[in-house]
Amino acid sequence: MTTPSQRMVGIAELRERAAGIKKHVLANLDHYLLETEKQVTAHAGHVVFAQTIDEAVDYIRALARERGVDHLVGASATALADEVGALRQEIESRASEFGSYLAGPAAPPDRAASFEMECLLEAGIGVTGASFVLADTGAVCLAENDDFGCLSSAAPKIHVVVAGMESILPRTRDLAVFLRLLSDRFPHHISLLSGKRRDDEMDGPDEFHLILLDGGRSALLADLEKRELLQCIRCGACLENCPVTPAGHPGALTQLLSLPPLAGPFLAASTLCGTCREVCPVKIDLPRLLVALRQDHRLARSGWRTWLFRVWAFLMQRPRLYEISGLMIRSFWPAAWKGQRPATKSFRQLWRERKN
Amino acid sequence: MAKRVSLFVTCMVDQFLPKVGLAMAEVLERAGFAVEFREPQTCCGLPAHQAGCTPQARAVGSHFLKTFDDADFVVVPSPTCAAMLGRDLPRLFADDPSAQANAQTLSARVWEFSRFLLEVAQIDSLGARFPHRVTLSDTCPAPATAGPRKLLEGVDGLEYVEMTGPSECCGFGGLFRLQYPQEAETMTQKQVGRILRSGATHVVGLEVGCLLQLRGAFERGQHAVQTVHLAEVLASR
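Read top to bottom, the protein sequences are chains P and X.
Count the first sequence with the numbering used here and you get residues 2 to 357, in order.
Count the second sequence with the numbering used here and you get residues 343 to 579, in order.
It is worth saying that the hints were derived from the structure and are not from the lab.
Keep in mind that a hint or two might mislead.
What the hints assert, rightly or not - The calculated BS3-like cross-link candidates involving lysine-lysine, where the alpha carbons are at most 27 Å apart (straight line), are:
hint, chain 1, residue 1, chain 2, residue 2
1, P, K197, P, K39
2, P, K356, X, K492
3, X, K361, P, K356
To be verified - Listed next, the stretches of chain P that the computed footprint assigns to chain X, with coverage defined by at least 3 CB atoms under 8 Å from CB atoms of chain X:
hint, stretch
4, 130-137
5, 260-274
6, 308-321
7, 343-350
No residue lacks a Cβ here, since even glycine has one placed at the ideal position from N, Cα and C.
Assemble the whole structure, with the sequences as input and the hints as a guide.
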């Protein structure tokens, strides 16, 4: 017999499992997408595949028109942080007197609870972003800081869930791994919702729509070198612990974690110290991917840096030239850089002297 | 017959802190190895690799492979260069299986200095004496490791103090400090603060770039703290 404490799994093993589950899902995503569709449909929900976030917005817009809905509410979609902009616009463009309302990071901190409730009761459609979609039951898991997503799914007649297609987990029990990895990051309201309200249930929506979003994910899936990025569960641990961010720069990770990853100038803003890799709950080798992205960027456009490295590589393959260049650089070292001043004699000079 | 060890001192040690290379040679000789230095060696290729200039990194990496082709052990006084040679270099030859296999064979024989002492030489005390109060500034690609601390424990007269709070990146990061000097300085000052608060008179590092970055900050701030490489501590008597 094992005691409960013996059965508690250490964080290291949890990370191992989480990474394993994510890798398995990504390798079999076609299967799990179909499985999810089957299960959601079995629970009287609708599944939609959207190529882009605009397609998802179009779907919601058409749905609102068809059902004669003026008010939408949206709840923070932590899991879709980068993509939520277009959704936000759509929701805000439908703002009337009460306004449609999007909770989450952009919400004013002093928002009144009563205002929130009025919005919720007025709204015809509630839009939420799921952290996880469970293939075995067709349920979605909303993990949030407040209970707004939970309410947005309960009060309006129609509940629309948007989820990145990589957020599928094979089994409900996999949440035991992922929620524990998330739980030390931020306090949670966890909702598990499946399908529409059943006849014997008190509340819940009359319609349930799940939009599975591609948004560049299938292209990333096909890229074997960078596929690992799709393991990301958008917990933010890497950004929180990056030493560059508090030093006043958004850093390179934000570019790496965009969908698709952006090859741009900020990519250099990392010391590749590896803290992100150490804290990542799904063990993504972020420094390696950052270098891979820098590689793509270099291949796309060779600037002065590439030329500098061409000269450098030429010297580094010719020991005599390397030695002479080193001597010259050491002799003409700017006095202003004295903190990092070079030595008077190189190691190879000292080694020759030592031998004689 | 004594086992043969090849030094790869790195371009940083060669040009900036040659005393680290000499100290490393001394420690290895004291540990009973026959130490050699192969003159054609230059750089491991890391700067180009980190910048995304793969063809150039591969060219310089190939030069390393050629230079150390028949070496038994290559010992490196830098965790980042050792990781470049031991982990990243074979990956650069992904499209050339025979070159990759060749790189892998040599990569497996590349050792970071402290790991070599503990895992290959299996020595944790070399009769070193360093009567100072010392803290360790961990080097980034490896998480805080017990290895260097264990080696410091075996040093006579050394008083070890741990930094308060986790050791973070010192802000060097190769080209990072040239491109983002302000951010680098903020990071350096944070690490300097942690070192000063520890009350240590000497900060030990495994990585020459970090030591230079910290030395510059201590000199500018007129702090008396000395920066030393682990090899220098182990070589002192």
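Going through the hints against the structure:
At most 27 Å may separate the alpha-carbon atoms for a hinted pair to count; K197(P) and K39(P) meet this at roughly 15 Å. Straight-line distance between C-alpha atoms of K356(P) and K492(X) comes to about 32 Å, which puts the hinted pair past the 27 Å bound. Our distance criterion of 27 Å between C-alpha atoms is met by K361(X) and K356(P), whose separation comes to about 15 Å. Under the rule that three or more residues need a Cβ within less than 8 Å of chain X, the assignment of the stretch 130-137 of chain P is violated, with 0 such residues.
For a cut-off of 8 Å, the count of residues in the stretch 260-274 of chain P with a CB near a CB of chain X stands at 7, and the three-residue condition holds. For the stretch 308-321 of chain P, the proposed coverage by chain X is satisfied: 8 residues have a C-beta within less than 8 Å of a C-beta in that chain, meeting the threshold of three. By the rule of at least three residues with a Cβ nearer than 8 Å to a Cβ of chain X, the coverage given for the stretch 343-350 of chain P holds, with 7 such residues.
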